[in-house]
Amino acid sequence: MQQSLSGKAKTRPLTPANVTVGRRRWSERGYALLFLGPSLALLAVFIFWPMLKTLYMSFFLTDKFGHITVFNGLGNYRSLLQDASYWASLGATLSYVAVVAVLTIVLGLILAVAAQQQLKGIGFFKTLFSSTMGISVSVAAIFWLFAFNPSVGVFAQLSQALHLPEINWLADPHFALLAIIITTVWMNLGFTFLILFGALQQVPRSLYDAADVAGVAKRTQFLKVTLPMISPTLFFVTTVTLIDAFKSFGLIDLMTAGGPSNATNLLVYRVYQDAFLNGSYAQASTESVVLTLLIAVVTLVQFKLFGKRVTY
Amino acid sequence: MTPIQPVVAHENKRRFKLIGRYTLLVGLGLIVIGPFILGLWTSLLPTAAISKGALWGKLSFDNYVTAITTTPILRYLLNSFVIAMVTTISQLLFCSMSAYAFVFLKFKYQRPLFALFLVTMMLPFEAEVIPNFATVRALGLLNHYAVMIVPFLTTAFGTFMLRQNFLQMPKELKEAADVEGLSHWQFYWRMTLPYAKISLLTLAAYSFLSSWNQYLWPMLTTFSDQFRPVQDGLRQLQGQETFNNWGMIQASAAIVVIPTLIVLLIGQHYFKAGLNEGAVK
Amino acid sequence: MAVKLETRLWWCWLSGLLLIVTLTFGLGTTAYGAGRTKIVFWHEMTGPAQAQLMTDAKAFNASQSKYEVVPEFEGSYNEAVQKILHTHGTSAAPALFQSMDVSTAQLYHANVATPVQKFIDADHYDVSQISSVARAFYSQNGKQISMPFNTSQPVLYYNASLLKRLGIKAPPVNPTYSDITRVAKAITAKSNGKVKGLTVEVYGWLFEQFMANGNTVMANQNNGRSGYPTTVDFTSTATQKAMAWIRENIQAKDFIDFGAGSQAESNEIAAFLAGKLGMFVQSSAYISQLLAGTKDQLGITYYPHADGTKANGVSIGGASLWIANSQPKNVQQGAWQFIKYVMTPQAQAAWQKATGYLALNQKSQHQAILKQLYAKQPVAKVPSEQLAAATANPANSGIFMEGLLQERTLTQTAMATIYNGGNITSALKTAETSMNQYLANNNRANQYTNH
Numbered sequence: 001m002q003q004s005l006s007g008k009a010k011t012r013p014l015t016p017a018n019v020t021v022g023r024r025r026w027s028e029r030g031y032a033l034l035f036l037g038p039s040l041a042l043l044a045v046f047i048f049w050p051m052l053k054t055l056y057m058s059f060f061l062t063d064k065f066g067h068i069t070v071f072n073g074l075g076n077y078r079s080l081l082q083d084a085s086y087w088a089s090l091g092a093t094l095s096y097v098a099v100v101a102v103l104t105i106v107l108g109l110i111l112a113v114a115a116q117q118q119l120k121g122i123g124f125f126k127t128l129f130s131s132t133m134g135i136s137v138s139v140a141a142i143f144w145l146f147a148f149n150p151s152v153g154v155f156a157q158l159s160q161a162l163h164l165p166e167i168n169w170l171a172d173p174h175f176a177l178l179a180i181i182i183t184t185v186w187m188n189l190g191f192t193f194l195i196l197f198g199a200l201q202q203v204p205r206s207l208y209d210a211a212d213v214a215g216v217a218k219r220t221q222f223l224k225v226t227l228p229m230i231s232p233t234l235f236f237v238t239t240v241t242l243i244d245a246f247k248s249f250g251l252i253d254l255m256t257a258g259g260p261s262n263a264t265n266l267l268v269y270r271v272y273q274d275a276f277l278n279g280s281y282a283q284a285s286t287e288s289v290v291l292t293l294l295i296a297v298v299t300l301v302q303f304k305l306f307g308k309r310v311t312y
Numbered sequence: 001m002t003p004i005q006p007v008v009a010h011e012n013k014r015r016f017k018l019i020g021r022y023t024l025l026v027g028l029g030l031i032v033i034g035p036f037i038l039g040l041w042t043s044l045l046p047t048a049a050i051s052k053g054a055l056w057g058k059l060s061f062d063n064y065v066t067a068i069t070t071t072p073i074l075r076y077l078l079n080s081f082v083i084a085m086v087t088t089i090s091q092l093l094f095c096s097m098s099a100y101a102f103v104f105l106k107f108k109y110q111r112p113l114f115a116l117f118l119v120t121m122m123l124p125f126e127a128e129v130i131p132n133f134a135t136v137r138a139l140g141l142l143n144h145y146a147v148m149i150v151p152f153l154t155t156a157f158g159t160f161m162l163r164q165n166f167l168q169m170p171k172e173l174k175e176a177a178d179v180e181g182l183s184h185w186q187f188y189w190r191m192t193l194p195y196a197k198i199s200l201l202t203l204a205a206y207s208f209l210s211s212w213n214q215y216l217w218p219m220l221t222t223f224s225d226q227f228r229p230v231q232d233g234l235r236q237l238q239g240q241e242t243f244n245n246w247g248m249i250q251a252s253a254a255i256v257v258i259p260t261l262i263v264l265l266i267g268q269h270y271f272k273a274g275l276n277e278g279a280v281k
Numbered sequence: 001m002a003v004k005l006e007t008r009l010w011w012c013w014l015s016g017l018l019l020i021v022t023l024t025f026g027l028g029t030t031a032y033g034a035g036r037t038k039i040v041f042w043h044e045m046t047g048p049a050q051a052q053l054m055t056d057a058k059a060f061n062a063s064q065s066k067y068e069v070v071p072e073f074e075g076s077y078n079e080a081v082q083k084i085l086h087t088h089g090t091s092a093a094p095a096l097f098q099s100m101d102v103s104t105a106q107l108y109h110a111n112v113a114t115p116v117q118k119f120i121d122a123d124h125y126d127v128s129q130i131s132s133v134a135r136a137f138y139s140q141n142g143k144q145i146s147m148p149f150n151t152s153q154p155v156l157y158y159n160a161s162l163l164k165r166l167g168i169k170a171p172p173v174n175p176t177y178s179d180i181t182r183v184a185k186a187i188t189a190k191s192n193g194k195v196k197g198l199t200v201e202v203y204g205w206l207f208e209q210f211m212a213n214g215n216t217v218m219a220n221q222n223n224g225r226s227g228y229p230t231t232v233d234f235t236s237t238a239t240q241k242a243m244a245w246i247r248e249n250i251q252a253k254d255f256i257d258f259g260a261g262s263q264a265e266s267n268e269i270a271a272f273l274a275g276k277l278g279m280f281v282q283s284s285a286y287i288s289q290l291l292a293g294t295k296d297q298l299g300i301t302y303y304p305h306a307d308g309t310k311a312n313g314v315s316i317g318g319a320s321l322w323i324a325n326s327q328p329k330n331v332q333q334g335a336w337q338f339i340k341y342v343m344t345p346q347a348q349a350a351w352q353k354a355t356g357y358l359a360l361n362q363k364s365q366h367q368a369i370l371k372q373l374y375a376k377q378p379v380a381k382v383p384s385e386q387l388a389a390a391t392a393n394p395a396n397s398g399i400f401m402e403g404l405l406q407e408r409t410l411t412q413t414a415m416a417t418i419y420n421g422g423n424i425t426s427a428l429k430t431a432e433t434s435m436n437q438y439l440a441n442n443n444r445a446n447q448y449t450n451h
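Chains as they are written, first to last, in the UniProt record's numbering: chain A, 1 to 312; chain B, 1 to 281; chain C, 1 to 451.
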């Protein structure tokens, strides 16, 4: 092994100084290969190559096996942009992502602040608040499918008891996305709470003491002391929530299958539907490219906008 | 000292405030675990009662018995456990190794390679399933544990997180190790890994949960109950139940969620500490 | 020193890798019952049909010692088709698979199966005992491609006891749209809105049946029987009338919308069984589940048709059994043996009783099990009578076209739009335009041309 790694070093003139330096440098390169090689190879096979392949496929038509057949230029992109239902999906995705992010952060922050109180038994509540972290997508879907069920669900029974208009949550295009949003936010809460709670705890007490002495109101303290201090964490949580929301798939598959009227046919579900239900691989690849660009843009914009303003 | 009257008034006010605070906490707690309690509760009710819209009835574990005896739910759990364990171990190994390379080694193209890793974090796996499916098909991995493990042996996120942690190691440690003549491998194994214990635990929990929660990829690549992980298993159960056997479905969901909740309750402390470390820096 | 350390590092690394590889690959391998040829059978049956299929597989395995049929549930029909195409030729592929009616053209063109005609000929199997209408659906150029299996007809179910209690006259056995509207309105009115009159699932199959029953061809080239279709017609009078009928009921507030997908079907059945829904159109395959699920008397009629026209009859739905051509000869032979087993008069009779799918072996009708069923539940006969009442023509013999999944997605989107108040013509037109574009693309991508 050593032989092959340092093979090239042999062609150098063998002065005493060169041997030690050369040895160390080459073995460092060998180490780098060893330490980094596996990860690099795996990422190349399962991330980089597929990305390029997806991009390539988006310029062709594919047959029912997904094999590339006819060059289509920008045809796939053109038909995608002309497809009103794709724009609807895009719009639904963007509103879903935005609402999920805002609600997750706000509710997570409320929980985190509530759990800051120095009270007996607060540990129990902390555990409660973080409990949704252990709930996976299929379990969440099953719980909420039951809650939203139009004939036996809790919401239906509640609105019946209170003589409110009955909402058919998952079958009504005006409410289906909201139902998915509620479920997503609920699932996100545990993780978000845990992180924000930790960040709040790290804000030095002395800052609040000083603010108290200066007679600053609690609400102002929250805005002027707390928020700036936890802004790096807020930034992290927002990014994670946004990106996760873009990738939402499981809940949609289990709860609405993209319906009704495509109201919950978000981008990833659409890729799945076009490729693995309809067999239109080229179109799905085109949609994948757009999805990737979108996520990249959102991430970059976020870094640019907030990355600098974050207080460290 | 203050006179007695104001103290009582103060006490009363304090008590009201206290009650208010607890009410708020209980209210928030109920919102968070409401759906969960509802699910657990209905899992104990007979399906006949549930489908009539009743939330009351004879409580029993019948649904659990039905779920365990008539569905492969335990097999699904085992499958998920195997997949998540192997994925976690390999991610710890490969991510810590690549993170070490970025921090303690010097080599050509180090910066561009690191940038490449960062870019990876922006590329959603979900958008690449089509070529990846072709790859695993060509490798002959379909319908096997391997298909759910091999593409996830390493992650850029794990590398990034551990790199941030390794960067914090005191410079003196490395200098001392060099003086001692420790090789990179020895330094990695004896010093770096123990130093980053908390971060590694966090990554382990994170990897385990992400693997456990995999949904789309196993759904595309597994075709038999022998290998199907639990998320897709539940989807199968739900898809097969045309009779709306709510009690049994809720019981299966409960069977799935209880182990993860236990793991979380135990690991919560480490998880929190580690994630914050990753988040803030 | 350096050599030694690096060797050690490599060694550690390699053994770690080896460990992962062993864990990954080793754990999944299990030994199967020795001596028997394993026949992996992919199916998409749920509920009682799945249970009956399991019974059949067990009985078949017990009846001989050469083969072992291993059924695997593969989710929805739609998913299964792509899985079949994806895994063809790999070790994960099945030997025998069930695939939905609308995938027939696609799988036929994909050349993934050995036509069952080959086994029929080699065995001199008497195929005439199997319903000819069902056989025709899965034939091309006079050859049997696959064996019709679970076969159903869309019908209208109503809660007869409920109608009696409310004092409403039951709909006729071959109802028009206005017959059904009358009953639906009465149910909602007389129950003070507690019971919804009607639902029609957002389901492309039902959309197709409105066209079939209105004697309208959906795709050109004779619904694909004489060539590759290039255009579809979603905006016909037949579909407009059907959608207007549903719209009328929605506006009268006697209609409840459960959306699309298996979830919608579960919900509508749950509502029907709980007495919260009076009527719905759905596959006859749900009949046994409905009979078992409620003490109320079940009523069944033919699929409704437009006023002032004669019902043309609806086509069949369901799926057929295919033998994968990538498997070794003995495995294919085992798959064929199992097909023969499930098509016996006894197995088919038990199948109809358990599931509501029609028994396709004509000798099944003389089996005691079905005679008893008809004596106890005369309505159970209605779907077979509906099938017998129709004369086969291009409009009601199924659509031999690729991309029917796309068609269903699109028509379902149109239906959902209409249910939620959208303009009928423009919703149908949108779907039609997308479908025609899809067909053009698909024909180009697969290099299909009509001669």
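To be clear, the hints were calculated from the coordinates, so they are not data collected in a lab. As the structure is a computational prediction, the values presented were derived from the model and not from experiment. Misleading hints may appear alongside valid ones.
[What the hints assert, rightly or not] Cβ-to-Cβ under 8 Å is the rule here; a few derived chain A residues that face chain C:
{"no.": "1", "residue": "Ser151"}
{"no.": "2", "residue": "Val154"}
{"no.": "3", "residue": "Leu277"}
[Stated by the list, open to error] Keeping only pairs whose Cα atoms sit at most 25 Å apart, straight-line, the calculated DSS-like set for lysine-lysine is:
{"no.": "4", "chain 1": "B", "residue 1": "Lys52", "chain 2": "C", "residue 2": "Lys295"}
{"no.": "5", "chain 1": "B", "residue 1": "Lys13", "chain 2": "A", "residue 2": "Lys218"}
{"no.": "6", "chain 1": "C", "residue 1": "Lys169", "chain 2": "C", "residue 2": "Lys295"}
{"no.": "7", "chain 1": "A", "residue 1": "Lys120", "chain 2": "B", "residue 2": "Lys52"}
Positions of the beta carbon are idealized from the N, C-alpha and C atoms, including for glycine.
Hint status (Cβ of Leu277(A) to nearest Cβ of chain C, threshold 8 Å):
Holds, about 5 Å.
Is Lys13(B) within 25 Å of Lys218(A), Cα to Cα?
holds (18 Å)
Can you confirm whether the C-alpha distance between Lys52(B) and Lys295(C) stays at or below 25 Å?
With a Cα-Cα distance of about 14 Å, the restraint between Lys52(B) and Lys295(C) holds, given a limit of 25 Å.
Using 8 Å as the Cβ threshold, decide whether Val154(A) counts as touching chain C.
Hint violated; Val154(A) Cβ to chain C Cβ min 15 Å, cut 8 Å.
Hint Ser151(A) vs chain C: min CB-CB distance below 8 Å?
holds (5 Å)
Given the hint that Lys169(C) pairs with Lys295(C), does the C-alpha gap stay at or below 25 Å?
Answer holds: Lys169(C) to Lys295(C) is near 20 Å, not above 25 Å.
Check the hint pairing Lys120(A) with Lys52(B) against an upper bound of 25 Å on the C-alpha distance.
violated (42 Å)
Figure legend: structure checked against the earlier numbered hints; hints not met, in rising order: 2, 7.
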